[in-house]
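Colleague: Next come the chains, spelled out residue by residue.
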Amino acid sequence: GAGVSQSPSNKVTEKGKDVELRCDPISGHTALYWYRQSLGQGLEFLIYFQGNSAPDKSGLPSDRFSAERTGGSVSTLTIQRTQQEDSAVYLCASSLSGTGGGYEQYFGPGTRLTVT
Amino acid sequence: AQTVTQSQPEMSVQEAETVTLSCTYDTSESNYYLFWYKQPPSRQMILVIRQEAYKQQNATENRFSVNFQKAAKSFSLKISDSQLGDTAMYFCAFMKHPGNQFYFGTGTSLTVIP
Chain D
283 GAGVSQSPSN
293 KVTEKGKDVE
303 LRCDPISGHT
313 ALYWYRQSLG
323 QGLEFLIYFQ
333 GNSAPDKSGL
343 PSDRFSAERT
353 GGSVSTLTIQ
363 RTQQEDSAVY
373 LCASSLSGTG
383 GGYEQYFGPG
393 TRLTVT
Chain Z
-4 AQTVTQSQPE
6 MSVQEAETVT
16 LSCTYDTSES
26 NYYLFWYKQP
36 PSRQMILVIR
46 QEAYKQQNAT
56 ENRFSVNFQK
66 AAKSFSLKIS
76 DSQLGDTAMY
86 FCAFMKHPGN
96 QFYFGTGTSL
106 TVIP
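In order, the protein sequence lines correspond to chains D and Z.
Position in the first sequence (from 1) plus 282 gives the number in the numbering used here.
Quick note on numbering: the numbering used here labels position 47 of the second sequence as 42, and the sequence is numbered without any gaps.
Source of the hints: derived by calculation from the structure; they are not laboratory data.
What you are looking at is a predicted structure, and each value in this text was computed from that prediction instead of being measured.
Take these hints with a grain of salt, some might be off.
[Claimed, not checked] Looking from chain D toward chain Z, a few residues come up when the C-beta cut is under 10 angstroms (computed):
(1) GLU326
(2) GLN332
(3) ALA336
Just so you know, even glycine gets a beta-carbon here, dropped at the ideal spot from N, CA and C.
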């Protein structure tokens, strides 16, 4: 079946512009995560959606970052007034995780964001 | 808070040899899951192996196996008969149960030398 997809795969933007990154999770997966991976670094948790519950936004680095998930499926991560330090790969993952937890995450290929 | 530590930023291994990647974690939780993910140069993160903390038996998936030492909070990954396609970044991850947030280590870059 189809895996997690992300678009665009690469995005170059000028400092100060807004960008939107899209994630299509695996059908039926209730949980959706966004991570940021800077060059040569590990994964930094940004935000987590679980079903219709309020998202866990505890990882968002500033109020320039926001995300939404429409209809419990597609998610959009928006970065306003981009800065050079926002340059990174943004990874999306989904899982079957429900209240029981414990299900592995399936990752998309990521969006490489470059802010010039 | 949970922390995951991978103390080996880079490792290399000869093709067909065996290599072990280290991972330690810190938690006060008694029930959790541990994972190893592989990220090749293509950037796609792929699950390698999963271990439930309540299971004493170490997980095995073909050439990949883990050494899970719960008391020591250690979760190492052993790759046997290393292949060129194993060249990748390997991330150790922790998830408490019940719960849904993952905590990742900083990764180990593994190079398999022909």
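Colleague: Against this structure, judge whether each hint is valid.
Modeller: These are the hints, each one checked on the structure:
The restraint placing D:GLU326 at the interface with chain Z holds, with a minimum CB-CB distance near 8 angstroms, inside the 10 angstroms limit. With a cut of 10 angstroms, the hint placing D:GLN332 at the interface with chain Z holds, because the nearest CB-to-CB distance is about 6 angstroms. With 10 angstroms as the threshold, the beta carbon of D:ALA336 stays out of range of chain Z, its nearest partner Cβ sitting at about 13 angstroms, so the hint is violated.
Hint compliance for this structure: hint 3 is the single one not met.
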